[in-house]
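With these hints in hand, go ahead and build the complete structure from the sequences.
Listed in order, the protein sequences are those of chains A and B.
Position 107 of the first sequence, counted from 1, bears residue number 107 in UniProt numbering, the numbering being contiguous throughout.
Position 176 of the second sequence, counted from 1, bears residue number 176 in UniProt numbering, the numbering being contiguous throughout.
Source of the hints: derived by calculation from the structure; they are not laboratory data.
Check before you lean on any hint, since a few could be wrong.
Copies of one chain are not kept apart here, so a pair can be met inside one copy or by any two copies together.
[Stated by the list, open to error] Calculated lysine-lysine pairs in the BS3-like style (CA-CA distance at most 25 Å, straight line):
#	residue 1	residue 2
1	LYS126	LYS258
2	LYS214	LYS74
3	LYS87	LYS113
4	LYS113	LYS151
5	LYS292	LYS113
6	LYS74	LYS151
7	LYS151	LYS214
Number of protein chains: 2
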Amino acid sequence: MTDMLPVVVVQGGAGFVPRQRSEASTSGVCAAARAAYAILQGGGSSMDAVLEAVTNLENNPVFNAGCGSVLNVKGDIEMDAIVMDGKTLGSGAVSAVRNIANPVQLARLVMEKTSHACLTAEGASKFARDMGIPEVPQESLITEYSRMRWKDNLEPDANPVQCQMGKMGTVGAVAVDREGNTACATSTGGMLNKMEGRVGDTPMIGSGSYADNKVGAVSITGHGEAIMKVALARLIMFHMEQGQSVEAASDLGLAYMKSRVDGLGGVVTVDPQGHWAARFSSLQMAWAAAQKDTLHHGLYCGEHFTQSID
Amino acid sequence: MTDMLPVVVVQGGAGFVPRQRSEASTSGVCAAARAAYAILQGGGSSMDAVLEAVTNLENNPVFNAGCGSVLNVKGDIEMDAIVMDGKTLGSGAVSAVRNIANPVQLARLVMEKTSHACLTAEGASKFARDMGIPEVPQESLITEYSRMRWKDNLEPDANPVQCQMGKMGTVGAVAVDREGNTACATSTGGMLNKMEGRVGDTPMIGSGSYADNKVGAVSITGHGEAIMKVALARLIMFHMEQGQSVEAASDLGLAYMKSRVDGLGGVVTVDPQGHWAARFSSLQMAWAAAQKDTLHHGLYCGEHFTQSID
Chain A
1 MTDMLPVVVV QGGAGFVPRQ RSEASTSGVC AAARAAYAIL QGGGSSMDAV
51 LEAVTNLENN PVFNAGCGSV LNVKGDIEMD AIVMDGKTLG SGAVSAVRNI
101 ANPVQLARLV MEKTSHACLT AEGASKFARD MGIPEVPQES LITEYSRMRW
151 KDNLEPDANP VQCQMGKMGT VGAVAVDREG NTACATSTGG MLNKMEGRVG
201 DTPMIGSGSY ADNKVGAVSI TGHGEAIMKV ALARLIMFHM EQGQSVEAAS
251 DLGLAYMKSR VDGLGGVVTV DPQGHWAARF SSLQMAWAAA QKDTLHHGLY
301 CGEHFTQSID
Chain B
1 MTDMLPVVVV QGGAGFVPRQ RSEASTSGVC AAARAAYAIL QGGGSSMDAV
51 LEAVTNLENN PVFNAGCGSV LNVKGDIEMD AIVMDGKTLG SGAVSAVRNI
101 ANPVQLARLV MEKTSHACLT AEGASKFARD MGIPEVPQES LITEYSRMRW
151 KDNLEPDANP VQCQMGKMGT VGAVAVDREG NTACATSTGG MLNKMEGRVG
201 DTPMIGSGSY ADNKVGAVSI TGHGEAIMKV ALARLIMFHM EQGQSVEAAS
251 DLGLAYMKSR VDGLGGVVTV DPQGHWAARF SSLQMAWAAA QKDTLHHGLY
301 CGEHFTQSID
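Structure representation (structure tokens):
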């Protein structure tokens, strides 16, 4: 069974990816999966791998996390991120944090250097300073595209739903390393034109993320408020505990969210044996997976391309 | 079955209640349960009832929520609160909020007046101002006892574990109204001497609270970081979905948290038929329940006193 290990699966957000951005989204998740897979192949831990993948996506302006995050109603960037270690069930998260390049790395420091699981807003910034993490100007995180979409949504004839569509959700990764340890990491700029201080599902353990070596790991993307209503990450894990495959458990969770609270989203899922799935109920989700020297990726429902990793 | 309705169950925090404070804790939860029960008897909703109970406990300086909250490492009060409506699965929460008397009422406004489920820190304060909620001086929330314990814990020979014992956890309530609608509310000052910006399990849906008309409602107290690791609220609900009684599901959840992550806590639980439980793995938990004109209450394991409600 364990000859399937190691594996990493990456998601770049569920929703609608405009055509002119779809190629960059695909190449972004593929690059993140490759970088994380190199760590696993070198004997690195699943936690190191998901950190590498999500840092990669945060640094890529195409995605709604780190640089490229959507703007809140005031035109500012406030970000949420989490990591969870399936071996200990320990986690670290930050919410509504500003002026740092890589919230997911700060989340890991919360897990490793404090007795807490989540720090928010100015408290998270203070901790970042104490840890020697450089403050970056907000301008360095804002892309032209983000500012354009924010402005569009302030127009009197704006269609907030349509504005929301262009860039939804989060970025995230799940992995299993050679030892069978699972981990997940998720990071986001949240919802376009959100209120100041809005916290979504991402930093909430059991909603946007969960990892447990006895069951597997998941990272969720989609409409945060819907994901929270059904605590989707934990729900998918329960289906796996009851014997469902990674694919069936993911689909059952997403179908429940659709039928119960009319919410759409996507998920990447692994089990401790290295089985993996990338599933979504939204129109698209950029995803990539790396296992056995093969890179898998897709964007639309049913798409599954492969290429070899040298 | 529904002749058991309505019911409300209240908890005032798990942990160790010093002898000189045990009487006030008991009378506090009993008063909160009575006030909430009067609302249910008058035909009020379960949401109104849990709000009444938790507001009552926030206003009571004996409990670690609202006035009487523990102080963080800087000597400030930052509070977390949540409400959840079992009919819609909608919820509202605030985290690390300062200078308001009743965080649970602000949490309800987040649910009812925004499209979000959680607002944090300064964003939550701004929303409170927009809603016309008066800002109160921090001094009005700090009790002599809280300040004394904070100072004790700064002493060079302080025993942080012992300091933590005196006042742990949260306050919370669950209820079912005549229509069979479930609701929960939880509020806390968090952990003594916590870092600035620390967020615990309370505002995290599925960790400290959950309500679903198809299953029931729970409000959790105890060591926040342990509760989050196992997403305890959702776990107890899963046991109920699988046919366990409110009591058995609560005990199974608490036992799992003890065995898996060595965490202690307590819970109040209802199902939609009006069955209820108040269970804890800590030494004590002040609790009270009101149903069929009878008030039930207890503090130590196995205690169950009753008196009639006129």
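Cross-check of the supplied hints:
1. LYS126 with LYS258: neither (39 Å within a copy, 33 Å between copies)
2. LYS214 with LYS74: neither (43 Å within a copy, 39 Å between copies)
3. LYS87 with LYS113: within (17 Å within a copy, 40 Å between copies)
4. LYS113 with LYS151: between (39 Å within a copy, 24 Å between copies)
5. LYS292 with LYS113: So LYS292 and LYS113 fail the 25 Å test inside a copy (34 Å) and across (50 Å) alike.
6. LYS74 with LYS151: within (11 Å within a copy, 39 Å between copies)
7. LYS151 with LYS214: Intra 46 Å, inter 42 Å, cutoff 25 Å: neither.
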